[in-house]
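Produce the entire structure from the sequences given, and follow the hints as far as they go.
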Amino acid sequence: SQQGEEDPQALSIQEGENATMNCSYKTSINNLQWYRQNSGRGLVHLILIRSNEREKHSGRLRVTLDTSKKSSSLLITASRAADTASYFCATDAGGSNYKLTFGKGTLLTVNP
Amino acid sequence: DAGVIQSPRHEVTEMGQEVTLRCKLISGHNSLFWYRQTMMRGLELLIYFNNNVPIDDSGMPEDRFSAKMPNASFSTLKIQPSEPRDSAVYFCASRDRVRALNEKLFFGSGTQLSVL
Chain G
5 SQQGEEDPQA
15 LSIQEGENAT
25 MNCSYKTSIN
35 NLQWYRQNSG
45 RGLVHLILIR
55 SNEREKHSGR
65 LRVTLDTSKK
75 SSSLLITASR
85 AADTASYFCA
95 TDAGGSNYKL
105 TFGKGTLLTV
115 NP
Chain U
-18 DAGVIQSPRH
-8 EVTEMGQEVT
2 LRCKLISGHN
12 SLFWYRQTMM
22 RGLELLIYFN
32 NNVPIDDSGM
42 PEDRFSAKMP
52 NASFSTLKIQ
62 PSEPRDSAVY
72 FCASRDRVRA
82 LNEKLFFGSG
92 TQLSVL
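Each protein sequence line maps, in turn, to chains G and U. Following our numbering, the numbering of the first sequence begins with 5 at its first residue and continues without gaps. Following our numbering, the numbering of the second sequence begins with -18 at its first residue and continues without gaps.
Quick caveat, the hints were computed from the structure, so don't treat them as lab data. Remember, predicted model here, so these are calculated numbers, not experimental data. Mixed in with the good hints there might be a few duds.
To be verified - Derived lysine-lysine pairs resembling DSSO-like cross-links, with alpha carbons at most 30 Å apart: (1) U:49 to G:60; (2) U:5 to G:30; (3) G:74 to G:103.
Stated by the list, open to error - Just a sample of chain G residues kept apart from chain U, beta carbon distances all over 10 Å, derived: (4) 22; (5) 66; (6) 84.
Think of the CB as a built atom: it goes at the ideal place given N, C-alpha and C, for glycine as much as any other residue.
Written out as structure tokens, the structure is:
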């Protein structure tokens, strides 16, 4: 079963706009990670946020975590055409110290 | 560092044939994961190794699937006999578990498997 579920399934925006993707999960976690996958490639780690953190930044990325709502959001500011990819959240499924479970992802299309 | 290396990139085979997928870990990493990705089911964890030992194979779909880690840097995933429903992209990923728990995974580029 899916631990994390991303929303929306697909998002299309114009270059320069901000993109927000959401992730909901079911059980308690130690941390939550976001990954990016370009078409035909493997996943690439973007950012990790621990359960005791509420917000984290990395370049144009901003991640928030609300453990009370079991949800996280990924914000990409000033999007570029090169940001076009699928974005996945991954959680460690409550207590497991190795098993990362991925959602089905959000397909982001940034139009030039 | 070349990253996680998978081979082949694409495999087309006929139902009933044996398929072997290969993965080379990043040097120094000691945890290995095999995932399968399909449109319907997303990314599914098949098996996890730590220090060459299989820790969790609960995601391996059937006895037709087997995975080995003969040394610290190399792993194989074998499907025998293959079936059309095994068609998917298979990823391996490695992690340096020594540094910290729950650290990020490094993925290979995947093997696109088509079973006709």
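Practice prompt. Check each numbered hint against the structure and report the violated ones by number, ascending.
Written response: Per hint list: 1 and 2 violated.
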